[in-house]
Amino acid sequence: MIRVLKLEWLKIKNYRVFWILTIMYLLALVIITSGGMFFLEWLKSEGADFQGINPTIIPIYDFPDIWQNTTYLATFIKVLLAFIVIISVNNDVTYNTLRQNIIDGISKKEYIFSKLAFIVTMAAISTLFIFVLGFINGSIYSHVWGIEYIFDEMEFLVVFFYEVIIYCTLAFLLSLIIKKAGFVIVALFLYTLMFEPIITTIMINAPFFTEGPAPEIAQFFPIKALNNLISVPFGRYVFMEIQDNVPIKALTIATGWFIFYLSSIFYILNKRDLN
Amino acid sequence: MEKILRINKLSKRFGKIQAVDQLELEVAAGQVFGILGPNGSGKTTTLGMILDVIAPTAGSFKWFDQDDTVEARKSIGAILETPCFYPYLSAVQNLRVSAHIKKCGTDNIEKVLKQVGLFDRKDDKFKTYSLGMKQRLSIAAALLSNPPVLILDEPTNGLDPEGIAEVRNLIKEIAASGKTIIMASHLLDEVQKVCSHFCVLRKGKKLHEGNVSETLGEINKIEIAANDTVKLESIIQGFPGTSSYLKNGSSFLVTIKDGANAANLNDYCFEQGITLKTLFTQRNSLEQEFLKILREHD
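Residue numbers (the working numbering), protein chains in the order written: chain A, 1 to 275; chain B, 1001 to 1298.
Extracted from the complex, chain A is given alone in its bound form (with noise of 0.2 Å):
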């Protein structure tokens, strides 16, 4: 596991589209987990009320709501996380390093997990980061305190990091289908954020499909079923129910998308020519 993220580390250390795609993929974090307040604060200035209730009142930053919502949220620029794999995995295509790096003596397969390690430990970086950025912003807003609710649903970091590595296999699976990495980054940002979203809300909500299977196919569309493991939270501060855990089915729907964009992966590498 060191070794091949001992690699990847090599690869990019030194490679400065990373790093301005890290820090701005990180600072993009810190807004939209922290500005919940400012954004209440604006709503406020604009004279919005919610059936009576001054919004700033409204307590996003209570534990352990927190972690739903500051993970609901990040799920939204988990595209740019997806863009770095991208560019990595897209230079050892267009620069044929790939075949460099097996004439040098690795196989396909530890190439492979190079890069997932690379992906998992972004990952991991970035659900820390939304940890410790919660946890600042709890400490400041939240108006409970305490062991019991701060650790309470811990589960949505952990859903949240399984997402970004799934989403981010299917970038890795891409990149490796399509050579063009400005190609990918562009059909896979319009695909996550509006083509899916919004065929899958006319097969939810339009009368046309609501009678027929279409709602229940939609749950297994590949971006949908990664957005169903962190539902919307916002509805309870309407008093709305919500979803507030982790759904089997979507968990279900999302792995078995998983497996298949790992062994899509292995399959078309192991059977490409790498001229």
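Don't read these hints as lab results, they were simulated from the structure. One or more of the hints may lead you astray.
[What the hints assert, rightly or not] The calculated lysine-lysine pairs, modelled on DSS-like cross-linking and capped at a C-alpha distance of 25 Å, are:
1. A:Lys271 with B:Lys1074
2. B:Lys1205 with A:Lys271
3. B:Lys1074 with B:Lys1134
4. A:Lys6 with B:Lys1074
5. A:Lys6 with B:Lys1125
6. A:Lys271 with B:Lys1125
7. A:Lys179 with B:Lys1127
8. B:Lys1203 with B:Lys1221
Starting from the structure of chain A, add chain B where the hints point.
Chain B alone, transformed into the frame defined by chain A:
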């Protein structure tokens, strides 16, 4: 002799093209083995397969008579066609990646960079290098772990005349140190100068395999004649560079040893008081042999 590589009925098909067809080859330790062939004859594909970057359609190969090709590859230094490195890393940083994969430590990096003449540019990014410098870096990467086996695919590709001479000398030095070299080239002159054994491929099939010095057996034959044939014969017998000779009417066909040449023979005859009236050198080149082999199989 210990076999470094055994190739057994190796074939590769790219769609309609049979790039390599039932190739059988054996390379023994210490050989400098040249793979010759016209463009598109399957040289690089063959090297790609034995390096595991191209999946064979059929057949097999074995390195060092062992099954683990991944481990075997760590004791092979290879360059394959175009040099492939990270453009945003310097020579040293790129070689660190190679060294890490080969598990050979980074101590050798400076040495190999000096060996290929890149030391002055070691901290410049790969993307700033000329083609010749890139080629030198890939040779440096191949030498990095001081491997017992080297695979060189068109090693002088893209180099200037000076670079070509340097790389050839480097190859000869490496070969002299007892390493096994497998080299693909379409430059026959190059193979003739550095290889001990060679094979000829065309359309993926092996047409010929042999020992370079045996194939070029008639190399350095000199036809001489003088008025005094009897005296000339005794002089030929006395000449230290004579390996054998053949009387051919009134002239002699002398096969001379390595290191001797026509001028030596001429000088020697002159010193012994005979003036040659005829002096022809006959030198078969691999080029002639190669063309002959190709013609024979047409």
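Which numbered hints does this structure break?
-> 6 and 8
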